[in-house]
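J.: Take the given structure of chain A and dock chain B to it, following the hints.
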Amino acid sequence: MLMRWIGLALVIAGTAVAAIAAARPPAGLIEEGRVIRRVDLLGEAAKAARDEYCAALAEAGLSAPDACPPPDAPTGQRPEGEPPPTPAEQLAADRDRIARLRQVPPAGPAPLQTKREAWLTAEATSIEARGEAVTVQTLQPSERLTSWLGLAGLPYAAGLVLIVLGALLSRRAQAAASRGDAGPSRKGAAPLDFGVALREITETVAAMAAEAEAQAAPTQADFDALKARLDALTLSHIEPVVEARDRLKARYGVAGFAAVFGPLSAGERNVNRAWSALVDQHWPEATASLGTAAAYFGEARRELDELISAKPT
Amino acid sequence: MPPPPAGPSQAPYREFTLAALILGVILGAAMTAAFVYISLKLGFGLSGSSVAAIVGFAVLRGVLRRGTIVENNINQTVASGVNTASSGVAFTLPALFLMAANDPELAGFSAAPFVLAATAGSFLGIIVILPLRKQMIEFERLRFPSGIAVASLLRSPGAGVRQAKLLAVGLVIAALHTFMADAERGWLPDEVDFGGLFDAPPWFPLAISISFANFGAGLLSGRGGLPFVAGGVLAWWIISPFAMTSGWVPDPGAPGQEGWQTGYLFFNLLRPVGIGLLIGGALMGVIVALPAIKSAIKGLSATVQARGAATVGPAQELGTRVMTVGLGAAVLVLFGAAMIATDQITVMEAVWIAVVGTIWLALAGLVVAQATGLTDISPLSGMALIAVTLMYFLTQGNIVASIMLGVAVCIGIGQCADMMTDLKTGHLVGSTPRKQQLAQLTVAWVGAPVAIGAVYLFWESPGFGPGTQLGAPQAATLQAIIEGVSAGNVPLDKYAAGIGLGSALGLFPIGGVGVLVGLAMYLPFSITLGYGVGCLTSMGLQRWLGRAWIGSTLVPISAGFIVGEALVSLANALSKL
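Sequence lines, in order, name chains A and B.
Just so we're aligned: the first sequence equals residues 1 to 313 in this note's numbering.
Just so we're aligned: the second sequence equals residues 314 to 890 in this note's numbering.
Rather than coming from a laboratory, the hints here were simulated on the basis of the structure.
Predicted model only: the values in this text are computed from it and were never measured.
Just to be clear, a hint being listed does not mean it is correct.
Said to hold, decoys possible - Taking beta-carbon pairs under 8 Å as the criterion, some of the chain B residues facing chain A (in silico):
| id | residue |
| --- | --- |
| 1 | Thr381 |
| 2 | Gly471 |
| 3 | Phe555 |
| 4 | Ser608 |
| 5 | Ala609 |
| 6 | Gly864 |
Note that CB positions come from ideal geometry on N, CA and C, so glycine has one too.
Next up, chain A with everything else stripped away, as it sits in the complex (with noise of 0.2 Å):
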């Protein structure tokens, strides 16, 4: 027990340390990140002093050369097949913009002027972090590797050794908790024998095919009684071997547990498919399931005698 929740207390650290580590940002991206935002939120307030400016302009009923262009106007038309300005390009014209902007005389009354200078100077700053923005470097992948690993590889490495730790921790108190002969399958039960469990769903899913092979008219009673059997069984006796299917697993490894557990499926599967047949009324499919069924369960029996003989308990 005390080895099970050390395993578990290394995972749950090992985990913190490592995933903390693995979300450091490398080196340059914070800042890249800084000057992007700063450059949206110069441009968020460009638009505003713009859309301010272009306010009072109508409220005061002028028009002037600058006269609020719409928001993403063109500065001229590109010919077809041109490819985009690059940024550097895209700035240079937006600077001409601005500085020709400048040379026409304001007009309007005292406070519309102030308006239109603090868009133009709201442009020119924005236009100016957009400057900044274009020397930055984006990482490169490889550099941002490279660049991790420094900053928070060690964090990282120390966390992933205790999570193996804890994880091999954890699977060895699993296996020391199977080799009890059988521990209950869940809290207040009566502990769970495989074998016992398996040979008794078979005989009883085989008892339900032969009864039903040889009722030759059966009433809706029967199907009710049948349908009522197989949801006892399901609940009484299937359920609880699924439910322990991980001490089968620890005890007989993972090969050794699907050999059980592949044929236990398939006839669990046509328990369901012979509910399914008595809903809908059919009896001669509920009770070719049942057979099959119990074929299964049987297989699924045998496999678990030869693991059982293979490494007796």
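T.: Leaving out everything else, chain B in the frame of chain A:
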């Protein structure tokens, strides 16, 4: 609706019938076109399984008066298999339309390679996941909450009046809430934020999503979902404050930027690690379970199936030969699609696209199927994003080829999750896996042309993209990501760190821990918390009332929650069209 005539029937038990196939194809194709429109308008996809199951009841049992539970299961398998294409296409292809509108070099791409690639992806998705049916459903016993919900629906005619009532109660509660919490009505909240009570910053979230489907999935998962909650706590209550206080998130130096900083933290630091964790966790899960998987695949060989036929009857699953031939054919079609996608693709690049695309599809399909099985939440977009990124670098920046493979992978991994969910439903109602697999393979070619045709149609009229009636939010996001990738913005460090962490967690004896922690880092915390409340409630109720009560009472109510929310979400979406 009236049940089939009482009395023992001598006719063969109806399962894979023409009626189920035709009804499923009609329902699936109709839902595909409608769901493409919904995805373009609202930005999310929907699952059509419960709708198909209910219509199946009405038509197969009600109108034709001869449908069986397993026949209706084939109908919903077919319908959801066809409809899987809607999300796969609507997540990816519209991004190319948006990019081509501004870039003459991309304009004029042909639909044919996309239809071919999507169809190949659809077949590949089914084929690569089939050998894992035993591992996921019978050995690991993944929950697939939606699969359980549809099974409860299919079984409802025979489950007794009490269980039918409980299913109906759950359905009505979830339906009422979904109706009243719809964004346009806003009569009830879809999220409750306790952050204001404690003056918590946005990077220490205390909000909980009020989604009955999410809560129901948590109820059905119980204790098995706890690592998911633990992952959310780790991401948002430990890493997030640590990163903020350590200056790992840019400070733009302006007031009111905490919301943006939280978004930055999520999209740049947590989510990429989460994607890596999903990949690493799923990979290690397969490695650890390799002996069981080998045994399962061995069981599919012709010799073993023939031996089994002597004792337990005909083969229950498709054999390895069908899968091998299907895999080869689908890879060839993918290669052909890559060759005709653009004239800039060389033969070698087309081979790379086909081979690497198939390998990635298999791995991503495994991730998505596991995540869906564990929580009912599918990280589809994250996996498609990696596919597009991989192809972008393999083809040296060929956007048409990258998105083409993105379409194939997105549809393929959707098929993986859908096939496994349907097989889970099939296990619970006793369907023959072989018939379900054959049914889904038979119609795997239907959804892709319908979905791609719908995208072309909606592009012509009314048009889609930001600022239009159909905003295509997912496509706009993918477009932004591709533009970021073309500038070299790929968080390789985070993916690699996540893969290492997920692989280490995959060694833990409880299966799926790496996937669950990864999924929690990939999602907003409010969803994880809502799901976690479901898990904890289920654990408390099991301790108090016992396991039998869970099976007889909680399962039908939870199934009703999932089905109710799905149905009313669909009605809400359709009403907005």
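J.: Checked against the structure, which of the hints given earlier come out wrong?
T.: Violated hints: none at all, because every hint is consistent with the structure.
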